[in-house]
Amino acid sequence: MTAPLISVQDLTIRFKTDEGLITAVENVSFDLAPGEILGLVGESGSGKSVTAKALMQLNGGNTVYDPSSKIILNVPGEAPLDVLSLKREKDMIQVRGGAVSMIFQEPMASFAPAITVGDQMVEQLLLHSKMTAKEATDLSVEMLARVGIPDPAKRFKQYAFEFSGGMRQRAMIAMALSTKPKLLIADEPTTALDVTIQAQVIDLMTDLVSEFGMGILFITHDLGVIAQTADRVAVMYLGRHVETGPVREVIRNPAHPYTRGLIDALPKLEDLEAKLTPIPGDIPSPLNRPSGCVFHSRCSVAMEGPCQTLVPGFIEPVPGHEVACHLVEQELRKGAAE
Amino acid sequence: MSDPVISAKDLTVRYQIGHGLLTQKSYLNAVDGVTIEIDKGSFFGLVGESGSGKTTLGRALLKAAPISEGEVIYQDNQVRYDLRKLSKEQLKDYRKRAQLIFQDPYAALSPRMTVRDIIAEPLEVMGLTKTREETDTRVREIAASCRLNLEHLRRFPHAFSGGQRQRISIARALVSGPRFVVADESVAALDVSIQADVLNLLKSIQRDMGISFLFISHDLSVVAHVCDHVAVMYLGQLIETAPTRSLFARPRHPYTKALLSAIPSLDPDDRGNTEKLEGEIPSPTSPPPGCKFNTRCKFAQDRCRKEVPPLREMAPDHFTACHFAEEFDFTRAQDDAPGLETA
Numbered sequence: 001m002t003a004p005l006i007s008v009q010d011l012t013i014r015f016k017t018d019e020g021l022i023t024a025v026e027n028v029s030f031d032l033a034p035g036e037i038l039g040l041v042g043e044s045g046s047g048k049s050v051t052a053k054a055l056m057q058l059n060g061g062n063t064v065y066d067p068s069s070k071i072i073l074n075v076p077g078e079a080p081l082d083v084l085s086l087k088r089e090k091d092m093i094q095v096r097g098g099a100v101s102m103i104f105q106e107p108m109a110s111f112a113p114a115i116t117v118g119d120q121m122v123e124q125l126l127l128h129s130k131m132t133a134k135e136a137t138d139l140s141v142e143m144l145a146r147v148g149i150p151d152p153a154k155r156f157k158q159y160a161f162e163f164s165g166g167m168r169q170r171a172m173i174a175m176a177l178s179t180k181p182k183l184l185i186a187d188e189p190t191t192a193l194d195v196t197i198q199a200q201v202i203d204l205m206t207d208l209v210s211e212f213g214m215g216i217l218f219i220t221h222d223l224g225v226i227a228q229t230a231d232r233v234a235v236m237y238l239g240r241h242v243e244t245g246p247v248r249e250v251i252r253n254p255a256h257p258y259t260r261g262l263i264d265a266l267p268k269l270e271d272l273e274a275k276l277t278p279i280p281g282d283i284p285s286p287l288n289r290p291s292g293c294v295f296h297s298r299c300s301v302a303m304e305g306p307c308q309t310l311v312p313g314f315i316e317p318v319p320g321h322e323v324a325c326h327l328v329e330q331e332l333r334k335g336a337a338e
Numbered sequence: 001m002s003d004p005v006i007s008a009k010d011l012t013v014r015y016q017i018g019h020g021l022l023t024q025k026s027y028l029n030a031v032d033g034v035t036i037e038i039d040k041g042s043f044f045g046l047v048g049e050s051g052s053g054k055t056t057l058g059r060a061l062l063k064a065a066p067i068s069e070g071e072v073i074y075q076d077n078q079v080r081y082d083l084r085k086l087s088k089e090q091l092k093d094y095r096k097r098a099q100l101i102f103q104d105p106y107a108a109l110s111p112r113m114t115v116r117d118i119i120a121e122p123l124e125v126m127g128l129t130k131t132r133e134e135t136d137t138r139v140r141e142i143a144a145s146c147r148l149n150l151e152h153l154r155r156f157p158h159a160f161s162g163g164q165r166q167r168i169s170i171a172r173a174l175v176s177g178p179r180f181v182v183a184d185e186s187v188a189a190l191d192v193s194i195q196a197d198v199l200n201l202l203k204s205i206q207r208d209m210g211i212s213f214l215f216i217s218h219d220l221s222v223v224a225h226v227c228d229h230v231a232v233m234y235l236g237q238l239i240e241t242a243p244t245r246s247l248f249a250r251p252r253h254p255y256t257k258a259l260l261s262a263i264p265s266l267d268p269d270d271r272g273n274t275e276k277l278e279g280e281i282p283s284p285t286s287p288p289p290g291c292k293f294n295t296r297c298k299f300a301q302d303r304c305r306k307e308v309p310p311l312r313e314m315a316p317d318h319f320t321a322c323h324f325a326e327e328f329d330f331t332r333a334q335d336d337a338p339g340l341e342t343a
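Note that the protein sequences, when read in sequence, are chains P and Z.
Numbering-wise, the first sequence is residues 1 to 338 according to the working numbering.
Numbering-wise, the second sequence is residues 1 to 343 according to the working numbering.
Note that these hints are calculated values from the structure, not bench results.
Note that beta-carbon positions come from the ideal geometry of N, C-alpha and C, so glycine has one too.
Keep in mind that the hints are not guaranteed to be accurate.
Stated by the list, open to error - Partial pick of chain Z residues on the chain P-facing surface, computed with a CB cut under 10 Å:
| # | residue |
| --- | --- |
| 1 | Pro122 |
| 2 | Asp197 |
| 3 | Val198 |
| 4 | Ala224 |
| 5 | Val226 |
| 6 | Arg245 |
| 7 | Thr295 |
| 8 | Arg296 |
My request is simple: use the sequences and hints to build the entire structure.
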């Protein structure tokens with residue numbers, strides 16, 4: 001087993017607000033190996049994006065990381081780096097856009113509107129490598145071609161508004177990959193795209209992983225997209241991981257009631273008659289996080305007692321497949337006793 | 001059997017682009033000769049990629065986009081309107097009978113109005129209720145059927161989650177007692193766990209109140225679950241329309257098939273089996289000649305580049321606009337068209 005590319009330990013993120021300290025992410029730990037795609041799924045407000053941004057310290061100035069939180073970046077051939085210990089913006093440059101690149105959800109909002117796409121690509125290359133402007137230009141045009149943008153030399157000189165949605169997202173990917181990052185964070189990269197274009201972008205990303213061998217943290221709310229791309233998946237709810245494991249295992253045998261709920265709520269083409277079952281209630285406000293298991297307020301199988309008071313620990317029904325649920329734990333014990 | 005609430009014939013919505021002074025005056029057909037019938041009490045799905053004209057079609061049926069050519073007839077038990085020839089009074093009345101639910105529940109609700117005022121506004125503007133008591137009763141009634149309680153009515157929209165906001169938008173759209181409602185991407189902005197809840201609500205409204213819905217969506221799996229009839233749009237035209245079962249059991253247009261196979265499957269072992277559609281939807285300012293899909297269709301022949309395919313009935317009530325629809329067998333087991341070579 002190779003050393004993980006990035007190792008997140010006990011990450012707890014809180015935000016200072018007028019209403020007090022809000023917990024956005026709580027005790028999240030995960031590893032990501034080179035060449036691996038880890039899917040992070042959850043509803044809006046579950047803390048997926050905040051987790052991802054923490055890897056590059058991109059969260060706002062009111063962010064408080066608990067002292068126990070550690071994000072260790074292991075670039076092969078370099079000393080391990082604790083991202084959260086970096087205090088000065090100057091030091092962040094080796095992480096942001098260097099070892100780690102990010103693709104955002106809305107490609108229109110992420111490109112500067114008044115600078116050509118090409119200039120933006122070249123700018124970051126000059127910042128992160130020792131290339132000359134000429135080399136950077138050549139590489140940028142080549143990357144645009146690699147992601148399937150027709151007539152890249154012409155597109156290089158155009159502005160983001162002249163690109164279609166799918167093309168912008170491709171250009172974003174080309175830009176993120178041109179610095180050869182070790183870790184790519186993709187935050188809902190296909191959500192704003194049509195299904196046909198989404199399929200193209202997913203293909204492109206999986207191809208590039210196998211070619212460049214980087215690790216990808218793939219954030220999405222769409223379990224179908226995860227099933228098609230990720231090797232492992234972590235399901236988040238209200239800032240906590242509730243279930244993690246290999247994609248096949250989690251989707252075929254979801255153990256946590258929340259994961260099961262997400263799968264049941266999904267309309268499936270195989271069975272048009274199946275009733276759509278929503279998860280009852282709404283995701284609670286982070287201002288009043290439920291005690292005990294964070295999901296108990298919406299859980300249909302919540303038990304009196306432990307679910308309301310005790311935070312469930314992780315158990316492994318199958319090696320590699322971790323679940324944080326009292327009920328699963330109880331059943332597992334019962335099974336073992338019999 | 002055919003008792004349509006809306007029937008459009010050769011409906012075209014045309015916008016002028018370029019001013020004509022220095023630039024050449026040109027036109028764009030956002031909706032291009034669409035003929036469509038929406039039966040009373042049906043849940044009619046309209047799907048297509050962005051830029052296919054589905055929103056514009058929905059708006060034209062509400063008389064919120066200009067009807068440049070063709071005819072749109074609205075008919076319920078009381079009135080029959082030709083939307084191109086509405087008087088001012090009739091248009092006012094039509095606004096009560098036909099309503100719209102928007103996509104983004106965060107943008108659609110005024111942050112400065114209480115939920116009660118938001119829902120009551122259409123009643124007051126349209127003069128449907130005389131007294132405050134009457135308004136309140138009606139608001140409570142409709143709020144209850146959208147599963148909002150009295151407590152909710154006093155609050156402002158910011159206090160609500162996406163799903164609840166969408167229920168408020170639905171209540172606002174229904175309060176005037178419409179017979180026809182256009183739901184434009186009404187669940188696209190919601191999380192899956194909430195999406196199912198709003199879909200079930202819309203379905204129960206359709207069943208209980210007998211309202212006809214035009215459900216616009218880019219998500220075929222959602223449409224498959226809630227709609228009884230589906231129309232697929234591409235570059236302003238209908239390319240396939242059929243009862244939901246028929247369409248999903250056997251799509252006959254290569255575009256419908258491509259849309260279906262682009263939906264990411266939940267089965268991790270199903271990777272890479274999908275056919276990918278190449279390229280993007282062409283600009284509607286310069287649509288390709290012949291079949292508009294020919295630039296992306298892997299079965300396209302010479303004829304497709306010259307002749308526009310008409311909608312032809314391939315199975316009962318199943319219409320497809322493709323020259324070679326007979327030759328495709330897009331059932332699950334088989335993806336190829338035996339008679340045609342892929343180009």
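*Identify every previously stated hint that the structure contradicts and give their numbers, smallest first.*
1, 7
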